[in-house]
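Novice: If you read the protein sequences in the order shown, they are chains A and B.
Heads up, the first sequence is in the working numbering, so the first residue is 3 and it goes up one at a time.
Heads up, the second sequence is in the working numbering, so the first residue is 3 and it goes up one at a time.
Simulated from the structure, these hints should not be mistaken for lab results.
Please note that a few of the clues may not be correct.
Claimed, not checked - Heads up, simulated EDC-like pairs for lysine to aspartate or glutamate below, C-alpha to C-alpha not over 20 Å straight-line: (1) A:268 to B:39; (2) B:63 to A:405; (3) B:66 to A:306.
Claimed, not checked - According to the in silico footprint, chain A covers these stretches of chain B (three or more CB under 8 Å from chain A): (4) 24-35; (5) 117-125; (6) 158-165; (7) 174-182.
Bear in mind that the values here come from a model prediction, so they are computed numbers and not experimental data.
Backbone N, C-alpha and C define an ideal beta-carbon position, used for all residues, glycine too.
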Amino acid sequence: MKTSTLLALLLLLLTTSAFGIIVDEDTTDSISAPVSMVTEEAVRPQPALNVIGKDTPNDNGGSIQVSWDLSPDDAKGMVARYDVERKPVGAPDSQYEVIGDATAGGTSITDNYPESGKSYVYRVAAVNFAPTVAGGKVEVTSFSAESAPAKASAQWFNTNRTVVLIFAIVLGFLILWYIAQAKAGKELFIRRIAGLEAVDEAVGRATEMGKKIFYIPGTQDMENIQTIAGVTILGRVAKLAAEYETQLDVPVSRSLVMVTAREIVKEAYLNAGRPDAFNEDMVHYLTDDQFGYAAAIDGMVVREKPATMFYMGAFYAESLILAETGNSIGAIQIAGTAMPAQLPFFVAACDYTLIGEELFAASAYLSKEPKLLGSLKGQDVGKGLILVVILIGVIIQTLGVYDVQSLLNIVAE
Amino acid sequence: MRREIPLVITSVVGIAFVIQYFIPHSPFDRFEQLFSDWFFIIAACAIWLGALNLLKLSIIKIQKKKKDWQYAVIIVASWLAMAIAGFAGGRDFQIPGTGFDWLYVNIYTPLSATMFAILAFFVASASYRAFRARNVQATLLLLAGFLVMMGRVLFDDILFGPFVQDFTPLSDISSFIMNYPNLAGQRAIMIGIALGTVSTALRIMLGIERSYLGGGD
Numbered sequence: 003m004k005t006s007t008l009l010a011l012l013l014l015l016l017t018t019s020a021f022g023i024i025v026d027e028d029t030t031d032s033i034s035a036p037v038s039m040v041t042e043e044a045v046r047p048q049p050a051l052n053v054i055g056k057d058t059p060n061d062n063g064g065s066i067q068v069s070w071d072l073s074p075d076d077a078k079g080m081v082a083r084y085d086v087e088r089k090p091v092g093a094p095d096s097q098y099e100v101i102g103d104a105t106a107g108g109t110s111i112t113d114n115y116p117e118s119g120k121s122y123v124y125r126v127a128a129v130n131f132a133p134t135v136a137g138g139k140v141e142v143t144s145f146s147a148e149s150a151p152a153k154a155s156a157q158w159f160n161t162n163r164t165v166v167l168i169f170a171i172v173l174g175f176l177i178l179w180y181i182a183q184a185k186a187g188k189e190l191f192i193r194r195i196a197g198l199e200a201v202d203e204a205v206g207r208a209t210e211m212g213k214k215i216f217y218i219p220g221t222q223d224m225e226n227i228q229t230i231a232g233v234t235i236l237g238r239v240a241k242l243a244a245e246y247e248t249q250l251d252v253p254v255s256r257s258l259v260m261v262t263a264r265e266i267v268k269e270a271y272l273n274a275g276r277p278d279a280f281n282e283d284m285v286h287y288l289t290d291d292q293f294g295y296a297a298a299i300d301g302m303v304v305r306e307k308p309a310t311m312f313y314m315g316a317f318y319a320e321s322l323i324l325a326e327t328g329n330s331i332g333a334i335q336i337a338g339t340a341m342p343a344q345l346p347f348f349v350a351a352c353d354y355t356l357i358g359e360e361l362f363a364a365s366a367y368l369s370k371e372p373k374l375l376g377s378l379k380g381q382d383v384g385k386g387l388i389l390v391v392i393l394i395g396v397i398i399q400t401l402g403v404y405d406v407q408s409l410l411n412i413v414a415e
Numbered sequence: 003m004r005r006e007i008p009l010v011i012t013s014v015v016g017i018a019f020v021i022q023y024f025i026p027h028s029p030f031d032r033f034e035q036l037f038s039d040w041f042f043i044i045a046a047c048a049i050w051l052g053a054l055n056l057l058k059l060s061i062i063k064i065q066k067k068k069k070d071w072q073y074a075v076i077i078v079a080s081w082l083a084m085a086i087a088g089f090a091g092g093r094d095f096q097i098p099g100t101g102f103d104w105l106y107v108n109i110y111t112p113l114s115a116t117m118f119a120i121l122a123f124f125v126a127s128a129s130y131r132a133f134r135a136r137n138v139q140a141t142l143l144l145l146a147g148f149l150v151m152m153g154r155v156l157f158d159d160i161l162f163g164p165f166v167q168d169f170t171p172l173s174d175i176s177s178f179i180m181n182y183p184n185l186a187g188q189r190a191i192m193i194g195i196a197l198g199t200v201s202t203a204l205r206i207m208l209g210i211e212r213s214y215l216g217g218g219d
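For reference, chain B alone in the conformation it holds in the complex (with noise of 0.2 Å):
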């Protein structure tokens, strides 16, 4: 009954699901957000597993004096200030003003804005990998990419503007990479990704994959 019980409301989910996708008429238009509703109820209830074994796993760092636990201090500090300030804002505590609010805008944001502006470092470097010419293939993106990246950029301009007027061949040619050898690649993967979605569905709506109830098959 363990694994059978979510088996059934699996399928009874995916089967309902499907259903609602070609039939408009009621009650069958209500499913999506039903299920969604009731979805998005549970994580935010679960919510709580995940941040107490967090708050636990830090605690229990900091006890053992674990290797790094010094870094365990902060989130068990981040933590309970962002939760203190955010009950004791009460049913408001979003909005401008609070303590949670000040804490969101000083070092939340600024944080996230920090991890997101490094990826314009990792892009540098990954593209240093990726370009390198080692063989034909390789040369041939490097110099799809080249091109692209100069039409993008409007160097038309200053390579043509001052000789002839409206004379784009780069960037003729980074719309025609885009909108053909990309756009083709880009299609494939996807008609690929509809087969295999629709596939994993169909194995677990009819049981056949189960592996993600915990256990064999």
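Isolated chain A (complex conformation) (with noise of 0.2 Å):
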């Protein structure tokens, strides 16, 4: 009896602990088994088609683009999301690893992690879900075949660039054909710039007041073209400068660029045969910062109140709150950039504005050089070019003889 107690205490203690097992199991199950295996295969989708694997174009190599068919399920809300897999070809020990996933509706993804000159094979998994005893879930897949071998590979030329090579090459040709041209000594006609037309006039107007120039080359640093048109412009102000004998200040907001103007300066007043009166300091720096350096050159103006600026090189919320000063104390003032939603500003503050390219012709207009003209000249006919092209563009695409914009296919990155 005593022994038959025990088997019976024993027998229940298993039973109990084995119960408190289902009962635990029964919870985390609730996520891994369904319903039945009826319910299961009932949701279970059909997989997706046509995989395939291939190296992005234009790039460094280093991805792949795998794209697939949607599961005929997918329009019947049975998917809820594609699992990309994929394994090395030649590895045989090697199994498939999930590298990314689309949602329902998704035709492709990209693989950012292959090992370059390493071939892979994919296969995307469509997943649902089935209801579990417990009121859970758990996802029921089916894998798509194989797709053929795929490697990612560097590429020698980007195409989606061919349009943009095709005009650099041609506008390229038009500014050196130009520039032979004036060297043999050919007369080219520039049409008038009146913002640099003025350019003497505003010099010689601070030299009757007997005040200063301001020349501010903008906030940006020397790896800007702007900076770089807007330093070489300095050059030719500054030797004007020094031939009228009128101060000259250029405050600058970068390190590189006061280095750069200072020697520009310097050369300039060498040039102009009056080294004596060059003084580095009236290159100087202020700061790095936008609104300080607007604030510092604001302080300036309305203190020495001087008789011209120039504002040229790259101007972003500053350009206006420097224009309006100098314009408050009545300087003549001439801008010059090439950022178009500061251009208003200039208009409207400025006595005369260097519009976009005109800033990047102004060396050349000014030192009248035969072959910085002839440079000149091939741009404008690059333009005229362009127009022309623009306007062929648009009447073949207006009556629908061809589809322009497919050969546009500049992908932006």
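Put the complex together from the two separate chains, hints included.
Specialist: Structure (structure tokens):
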């Protein structure tokens, strides 16, 4: 009896323990155990079709684009997502690993982490969820057929930029052609640019008034081509200032611009035969900070009241703060920038404004150097050519003769 | 040699940049990052040239009691305060709670915001001049500006809302002006800028434009 009681207790204990485990497992299994195999199969989606892995075009290697056709059950709402898996080719022991997923309706992803030069095969798992006994859900998947092997490789030419290359070559050819023409002594007609014609007048006015010329070469560093154009014009202005014996003040916002501008002004004074009048502190640094720079210049303008102010280079929101202050003291102001958003401000506040390309043309225009004028002429002819191409393109596209837009497949990166 | 070496460096780097734009293959794909890194390293080192130049000129101004020398005192004091607070904070000088951060948040940021806020008044004074109907073109500009402004502030609701639902002629006219005449003008300027940039770059790379190096051509 005692033995049987002990056995009964042991049985009870084991049953309870077992039951306890079952109860616990029921909670966890609510995630993994489907209601039944029938239900599981009923919600299992059909696999995705036509899985293709191919090298991403026009890149430096290191990525493969994987695409597929939707599972026929996608439209029925039976696909929650697609898991994309890959496996290296020629490695029998390797397993598929998930490299990304796409939501229902998605037909492609990019594998950004393949080893360069190594081939991979891909498959896509269409995933759905089956209900479980405890009201949870469990994933049911169906795998597509394996893709053909794909390998990431770098390209030697970005075909998205073919149109850019063609235009660059044509423009480069035109510029070089007109430079050659100018060097050969051919007279080139360059249209009049009012803002540049006024440079002499502006420097002369400062001379007559016995006041300073302020030259602001923008707020960007030397890597910006507008700053380069700005300091190039500074050379011409500095030479005029040296010839007229007018004080020049060049407050800058970048150290490298300060160093460059100093060299340019120094050479300009030397070329004007006035090296003695050069003082390196006429080009001085204020601050890299945009509004600190604007505040410092505004203070100097209000206190020193220069007769002439030049703004040549890249400007942002400080453009109007500077130009309006200059306007308020009655200075003659000439601005030039290729920042389209700032042009209206300069037009409103300055006497003359070099709009976009005119800033880049200024150096050639002021120097009258044949080689530089030739490049300017080439640039103008290039612009005319582009206008003609645009006009023809608009007509062809409007008439529906050909889809011109497809030629301009320039991908922003 | 003083001018030839910079010209060669400029040409080589310029051509390398052009090549990397069209060729994504290694090693060209690394050029842009490489040159940018070098530029920022040089610019970071060069900041001392500017900072010390500012300090030097300000101290000379104070010493010689030049006109408005009092402002130079503020520059020197601010310069030293920020530099000392920055160095005292060590590597973590920018994290909240440091002296540098306090100066940045409580002095620098409000001053910058003040300068930016002044822009609103300058826009008003510049607009007053720009939109005066002095001739036909200026009148057209005034009219276009007026219509765009009316459309942008949703004046339609006030004018027509009580009478007609979803009737927004001002907003439509505003959108038309911005999307067609304005956008066409902007694009024309952008094309000109792009051509000017290419032309200038070509002049610099070929060594035709040399005045940025100092001296004549």
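Novice: Below or equal to 20 Å on CA atoms is what counts here, so check residue 268 of chain A against residue 39 of chain B.
Specialist: violated (30 Å)
Novice: Can the stretch 158-165 of chain B be counted as covered by chain A under the rule of three residues or more with Cβ-Cβ separation shorter than 8 Å?
Specialist: violated (count 0)
Novice: For the stretch 24-35 of chain B, do three or more residues have a beta carbon lying closer than 8 Å to a beta carbon of chain A?
Specialist: Since three or more residues must qualify, the claim that chain A covers the stretch 24-35 of chain B holds, with 6 doing so at under 8 Å.
Novice: With a Cβ-Cβ cutoff of 8 Å, does the stretch 174-182 of chain B contain at least three residues near chain A?
Specialist: violated (count 0)
Novice: Please check whether the stretch 117-125 of chain B has three or more residues whose CB lies within less than 8 Å of a CB on chain A.
Specialist: Per the Cβ count (6), the hint holds.
Novice: Regarding the pair residue 66 of chain B and residue 306 of chain A, is the alpha-carbon distance no greater than 20 Å?
Specialist: Measuring from Cα to Cα gives roughly 18 Å; hence the hint holds.
Novice: Would the pair residue 63 of chain B and residue 405 of chain A pass a check requiring their Cα atoms to be no farther apart than 20 Å?
Specialist: Outside the cut-off at roughly 67 Å; violated.
When each numbered hint is compared with the structure, violations occur for hints 1, 2, 6 and 7.
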